[in-house]
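Peer 1: Sequence:
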Amino acid sequence: MLKAYRAMKIKLLVFISIIAFSFSGWSQNKVLDEAAEKTCEYMQSDEIKNLSAKEKTQKLGIFMIKFYSENEKKFKKSGIVLDLEKGEAGGREFGKKLGLSMVKFCPDVLMALAGDKKEKTKNEKKNNTSVVEGQIVKLEGKEFATLVIRDFDDKIQKFVWLKNFKGSDKLIQSEIIEFINVRVRYQNIECYSPLLKDYIIRKEIVEIEYI
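Letter by letter, the sequence shown follows residues 47 to 257 of the working numbering.
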């Protein structure tokens, strides 16, 4: 009898634990869904629609913190904590949870924001580069290749080829590359010169277009 009572008690405790866990998950989802819906509405408001990706991200961060502060008791009761003492890590942790819920309400907005960020990164990379147009003179070097071109101001310019870049396939596959007109996008890099015992600036090819 005592054994049967104990077994029933254990089963009851397990059942209560399962119910409590399920309720906790439901409660957490409910408060996150509420936050996600409000955030989606905000992201589609006139205040934020025409901002840059950086400005949108900043505004979104401020909105999230404000919404959390106004509903802190609800969040904590559901086991969701935005720990600002952790800095960016705390914000990212909360942002991931909120982002997963936002997919239910405004997937297009999230996709557009991700696209804006990619475009921004692409533009930032381009902003750190320069462009020269001219005619290929030769490709020289043994261990590392250097592309020599004569620009349209009749000046000789040299570019180091250190890694794969857009347009490199044609240079590899073509038997004759001399006299081909090109647009070279490059970035300045520092290289150590044992001869000078100092760092020198070299132009590294980022992309080549054939014109």
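In short, the hints are calculated from the structure, not lab data.
Hints may contain errors.
Computed spacing ranges between beta-carbons, pair by pair [unchecked claim]: (1) D215 x E179: 48 to 54 Å; (2) D129 x R196: 41 to 47 Å; (3) T175 x G107: 28 to 34 Å; (4) K76 x E255: 38 to 44 Å; (5) E80 x C237: 54 to 60 Å; (6) L208 x E116: 49 to 55 Å; (7) N96 x Y245: 24 to 30 Å.
We put the beta carbon where it would ideally sit given N, CA and C, even for glycine.
Peer 1: Would you mind marking each hint as holding or not holding in the structure?
Peer 2: Status of each hint after checking the structure:
no.	hint	result
1	D215 x E179: 48 to 54 Å	20 Å, violated
2	D129 x R196: 41 to 47 Å	60 Å, violated
3	T175 x G107: 28 to 34 Å	30 Å, holds
4	K76 x E255: 38 to 44 Å	54 Å, violated
5	E80 x C237: 54 to 60 Å	56 Å, holds
6	L208 x E116: 49 to 55 Å	52 Å, holds
7	N96 x Y245: 24 to 30 Å	44 Å, violated
Violated hints, in rising order: 1, 2, 4, 7; the structure is consistent with all others.
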